[in-house]
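Protein chains: 6
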Amino acid sequence: MNDVLKKPRKVYVTRTVEFNAAHRLHNPDFSDDQNREIYGKCGNAHGHGHNYELEITVSGIVDRATGFLLDMKELKKILEQEITTRFDHKHLNFDVKELRDTVPSTEILAVIVWDILTDALQHYINKEITLHEVKIHETRKNSVSYLGE
Amino acid sequence: MNDVLKKPRKVYVTRTVEFNAAHRLHNPDFSDDQNREIYGKCGNAHGHGHNYELEITVSGIVDRATGFLLDMKELKKILEQEITTRFDHKHLNFDVKELRDTVPSTEILAVIVWDILTDALQHYINKEITLHEVKIHETRKNSVSYLGE
Amino acid sequence: MNDVLKKPRKVYVTRTVEFNAAHRLHNPDFSDDQNREIYGKCGNAHGHGHNYELEITVSGIVDRATGFLLDMKELKKILEQEITTRFDHKHLNFDVKELRDTVPSTEILAVIVWDILTDALQHYINKEITLHEVKIHETRKNSVSYLGE
Amino acid sequence: MNDVLKKPRKVYVTRTVEFNAAHRLHNPDFSDDQNREIYGKCGNAHGHGHNYELEITVSGIVDRATGFLLDMKELKKILEQEITTRFDHKHLNFDVKELRDTVPSTEILAVIVWDILTDALQHYINKEITLHEVKIHETRKNSVSYLGE
Amino acid sequence: MNDVLKKPRKVYVTRTVEFNAAHRLHNPDFSDDQNREIYGKCGNAHGHGHNYELEITVSGIVDRATGFLLDMKELKKILEQEITTRFDHKHLNFDVKELRDTVPSTEILAVIVWDILTDALQHYINKEITLHEVKIHETRKNSVSYLGE
Amino acid sequence: MNDVLKKPRKVYVTRTVEFNAAHRLHNPDFSDDQNREIYGKCGNAHGHGHNYELEITVSGIVDRATGFLLDMKELKKILEQEITTRFDHKHLNFDVKELRDTVPSTEILAVIVWDILTDALQHYINKEITLHEVKIHETRKNSVSYLGE
Chain A
1 MNDVLKKPRK VYVTRTVEFN AAHRLHNPDF SDDQNREIYG KCGNAHGHGH NYELEITVSG
61 IVDRATGFLL DMKELKKILE QEITTRFDHK HLNFDVKELR DTVPSTEILA VIVWDILTDA
121 LQHYINKEIT LHEVKIHETR KNSVSYLGE
Chain B
1 MNDVLKKPRK VYVTRTVEFN AAHRLHNPDF SDDQNREIYG KCGNAHGHGH NYELEITVSG
61 IVDRATGFLL DMKELKKILE QEITTRFDHK HLNFDVKELR DTVPSTEILA VIVWDILTDA
121 LQHYINKEIT LHEVKIHETR KNSVSYLGE
Chain C
1 MNDVLKKPRK VYVTRTVEFN AAHRLHNPDF SDDQNREIYG KCGNAHGHGH NYELEITVSG
61 IVDRATGFLL DMKELKKILE QEITTRFDHK HLNFDVKELR DTVPSTEILA VIVWDILTDA
121 LQHYINKEIT LHEVKIHETR KNSVSYLGE
Chain D
1 MNDVLKKPRK VYVTRTVEFN AAHRLHNPDF SDDQNREIYG KCGNAHGHGH NYELEITVSG
61 IVDRATGFLL DMKELKKILE QEITTRFDHK HLNFDVKELR DTVPSTEILA VIVWDILTDA
121 LQHYINKEIT LHEVKIHETR KNSVSYLGE
Chain E
1 MNDVLKKPRK VYVTRTVEFN AAHRLHNPDF SDDQNREIYG KCGNAHGHGH NYELEITVSG
61 IVDRATGFLL DMKELKKILE QEITTRFDHK HLNFDVKELR DTVPSTEILA VIVWDILTDA
121 LQHYINKEIT LHEVKIHETR KNSVSYLGE
Chain F
1 MNDVLKKPRK VYVTRTVEFN AAHRLHNPDF SDDQNREIYG KCGNAHGHGH NYELEITVSG
61 IVDRATGFLL DMKELKKILE QEITTRFDHK HLNFDVKELR DTVPSTEILA VIVWDILTDA
121 LQHYINKEIT LHEVKIHETR KNSVSYLGE
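Chains as they are written, first to last, in the working numbering: chain A, 1 to 149; chain B, 1 to 149; chain C, 1 to 149; chain D, 1 to 149; chain E, 1 to 149; chain F, 1 to 149.
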C-alpha cells in the first residue's frame, strides 16, 4: 500500500478553527490621548468583538502506513483543549491568563497561539510534526501570520 | 431610455454591512442557574463578540429615468449613520441605548435594526421604498431574519 | 426586560449544518441507456460525493423572557441526531434507510430532510416553532429548497 | 422508486452562473451635472467592471421517475446560450443588444435576464417549470432580485 | 509595450479547480480494529464524499510580449484532461488507477496530483514554467499542501 | 506590558482591498490573428471587467509598546490613496497612467501594484516595514502573486 510514499513526502496540513471573543485595545502605560491616537475605536472602554478564524498549519513527512501526516482526531482534540476552551466566548482582556499583561492585538494573539501550540504539539504528539504557521483572520479584511521567526 | 421599465418592475435591493461588537446574553430577572441553563457560555460575565454581517433588503419600483430603485449613496449614508455608528466597535450591552433593557440576542438585534431603519427610511427617502428584510449573520452558521411580521 | 418584544415579533432563524456523503444517481426501473441519458456522470457505478451544506430555517414568535426564538442548543442537538448522525460520512444509496428506494437527488434529499425535521421538531420542542425551509447546497453552484409545499 | 414523491412536492432549484463584464452608468437624457450627481464614479467615461454572479431559481413539482425538478444539463445549456454567451467578457453598454437603450444598472440587468429566461424556458423546456427569481450580485455588498412582480 | 517587464519578474499564478468524488479510508494491511481506530467514520464501507477544491500554483518569469506567465487556456486544458477527467464524479478507491494501491487520503491525493501535473506541464508547455504548489481543500476546515519537497 | 514581545517576533499582516475595473487584453504590436489567438474573448474591443480583490502583505517585527506591526489606519490610508483612487471604477487601459503602455493582465497589475506600494511604504512609514507579497484575485478561480523576485 501507498508505494507513492516510498520517497519521503513533506506536506503541510491546515486545520481551521473559529472562536468568538471580545477584546479591547488599550495600553495602561499610555496617556488617554496616546491610547485614542493609537487604538481609535478599538479602544472602546467595554470592548468590542470578532469571529476569529485561525488557520493552523503543521508540516512533516506523510506516514507510509496510514497515508496521514498525523491523526486529525488528535489535532482536533489539541485545538479544542488549547484554543477553543481558552479563547471561545471569552473577553480576551479579562478571561485569558496568557493575554493578561498584553494589548490583545491580532499580532500578539498569533504569537501567543504559536507559543501555546508549540508546547502542546511537543507534549501530545510523539512524531516529527512541526508547527509551520499560525494565521488569524480578525475580519474578512485583516489577518496576521506568525511562523516562529 | 430604459423602455424595459415602461411596465413597472418591483425589485429587491440588498446591501450588506458589517460591524464588530461585543455582547453578553444575561437576563437580570433570571436566577444565576436559569441564566446558566439558558445562555450557557454566551453568558460569560465580561462578554464575547462577533463580526456581525447584516443584509438589508429594500423593495420598490425601479425608477424609469435613473434605472435605480434608489440612490445607493443615500442608502449607504443611512446605514453608516444608523447602523455602523451605533453598533460598530461597541459592547452592545453597555454602549447602545436602544439595547439597554434587552438581552442583545441576534433575534432582538434584528427587530431593533428593523425598527431603526423603518424610521430612517421614512425620514430620509421621499420615495415609495419599503424595508423588506433585515437578516443578521452572527456566525457562519447562525442567522436571523425579520420581515416586520 | 425586552420591552421591544411587547408586540409579538415573528423571526426566521437559520442554522447551517454540513455533512460529507457519497451518492449515485441511478434508477433500476430505467434501461442502461435511459440512466446514461438522464444521470450522465452522476450515475458512475461506485458513486461520487459532496460536502453537502444545509440551511435549516425555523420560524415563530420571539420569546419575551429569553430573547430567543428557541434554545439553539436544543436545535443543534436535534440536527446532530437527525441529520449528522444519519447522513455524515455515509453512502446515501446504501447507508440511509429513508433513502433506500429513491434516487438520492438533492431534490429528494431536501424533501426527506423536511419530513424528518417536521417530525423531530414536533417531538422535541414544546413550543410554536414551525419548520420554514430546508435549503441544500450540493455544490457552490447548485442548491435546492423545499418549503413543505 | 421515489415513493416519497407520491405526494407532489414543489421545490426551488437554484443554479449560479458568473460573467465578467464592463459597464458605464450614464443617461444621455441627463445633463452632465445630473449624470455626475446621480451616477458618481459609476459614470466614468470608459466604464469599469464587475464579476457578476447570478442565482437563477426555477420552481415546480419534482418528477417522480427521475427525482429531478428538471434536467440540470438542459438548464446549464440554456444559461450558457442565453446568459454566458450574451454577457460574458462584454461591455454591457456596447455589446449587448437588449441593453442598448438602457442604463445597465443591476436593477435593469435583473429585469432583462428575467425576460430573456422566461422566454427561453418556455421555448426549451416542455414541462411545468416556472422561473421564480433572478438574483444578481454585482459586488460582495450589493445585490438585486427580481421575481417578475 | 510592457516596459515594466524589462526587468524579469517572477510571478505565481494560481488556478482553482473542483471535483466531486467519493472515497473510503481503509488499509487492507491493518486489522479491523486498527482501521476503526485510525480512520474512524472515514472508513465507512461504502465510502463517503467531498467537493474537493484544488489550488494549482505555477511560477516563472512573465512573458514580455504577452504579459502572461502562460496561456491560461492551455493550463485550463491540462487541468481538464489531467484532473477533472480523472477524478470528477469518481469513487477514488475504484475508479482512479493512480490511487489503486493507496489509502486515498488528502495527503496522498496532493502528492499524486503533484506527480501527474509535473509530468503534464513538462509534456505540454515548452517554457520555463515550474509547478510550485498543489493545495487541496477537502472541507472548509481541512486542507493539505504539497510543494514537491 | 507585552512581555511576550521581549523576544523580537516577525509577523506578516495582510490587508484586503477591492476595486471594480474594466480592462481589455490587446497588444498593438501583434496582428489581429495573434491577438485573437493569445487573448481570445479577453480581447473584446470595448473591454470587460472584474471585481479585483487584492491581498497586500507587509512584514516586520511587532512593536513592543503598541502590540502592532504598524498603524492599520496608516496602511488603509496608503491603500486608499495609492490603490483605490488609482484603480477603482476605472478602465485600466485608458484611465491608469502606470498601465498605459502595457497589456493590463493580472500578472502586470500585480507587478505594478508592487512597485507603487514599495515606493509608498518607504515614503509614508518611518519604520522597518517590508512589502512581502501582492496577491490579486481576478476571479474566484484565477489569482496572481508577486513577491518582488
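Any given hint could be a false lead.
The list treats identical chains as one, so a pair stands whether inside a single copy or across any two.
The list that follows gives simulated cross-link-like pairs (lysine to aspartate or glutamate, EDC-like), each with its CA atoms no further than 16 angstroms apart [unchecked claim]:
hint : residue 1 : residue 2
1    : K97       : E53
2    : K127      : E138
3    : K127      : D71
4    : K41       : E18
5    : K76       : E98
6    : K127      : D63
7    : K97       : D3
8    : K127      : D115
9    : K141      : E74
10   : K41       : D3
11   : K141      : E80
12   : K141      : D95
13   : K127      : E18
14   : K10       : E149
15   : K41       : E55
16   : K7        : D115
17   : K135      : D101
Think of the hints as simulated: they come from the structure by calculation, not from any bench.
Within a copy, between copies, both or neither: which one fits K76 and E98 at a CA-CA cutoff of 16 angstroms?
Classified as neither; 21 angstroms inside a copy, 30 angstroms across copies.
Checking an output row: K127 and D71, CA cutoff 16 angstroms. Within, between, both or neither?
For K127 and D71, only the intra-copy Cα distance (11 angstroms) is at most 16 angstroms; the inter-copy one is 40 angstroms.
Alpha-carbon proximity between K127 and E18, which holds within one copy, between copies, both or neither at 16 angstroms
So K127 and E18 fail the 16 angstroms test inside a copy (26 angstroms) and across (31 angstroms) alike.
Alpha-carbon proximity between K127 and E138, which holds within one copy, between copies, both or neither at 16 angstroms:
Neither, since 31 angstroms and 24 angstroms both go past 16 angstroms.
For K141 and D95, with the copy left unspecified, which applies at a CA distance of at most 16 angstroms: within, between, both, or neither?
Neither way: K141 and D95 sit 26 angstroms apart in one copy and 25 angstroms across, limit 16 angstroms.
Evaluate K41 and D3 at a C-alpha cut-off of 16 angstroms and name the case that applies: within, between, both or neither.
The answer is neither: 57 angstroms in one copy and 24 angstroms across copies each exceed 16 angstroms.
Given identical chains, is K97 near E53, meaning Cα to Cα at most 16 angstroms, within a copy, between copies, both, or neither?
Answer is neither; intra-copy 20 angstroms and inter-copy 30 angstroms both fail.
How would you label the pair K135, D101 (within, between, both, or neither) given a Cα cut-off of 16 angstroms?
Answer is neither: 22 angstroms inside a copy and 35 angstroms across each miss the 16 angstroms cutoff.
Indicate which option fits the pair K141, E74 if close means a Cα-Cα distance not exceeding 16 angstroms: within, between, both or neither.
between (31 angstroms within a copy, 15 angstroms between copies)
Checking an output row: K41 and E18, CA cutoff 16 angstroms. Within, between, both or neither?
between (24 angstroms within a copy, 15 angstroms between copies)
Pop the pair K141 and E80 into one bin, within, between, both or neither, using alpha-carbon distances up to 16 angstroms.
between (26 angstroms within a copy, 14 angstroms between copies)
As a check of your reading, is K127 near D63 (CA-CA no more than 16 angstroms) within one copy, between copies, both or neither?
within (10 angstroms within a copy, 35 angstroms between copies)
Checked against the numbered hints listed earlier, the structure breaks hints 1, 2, 5, 8, 10, 12, 13, 15, 17; every other hint is satisfied.
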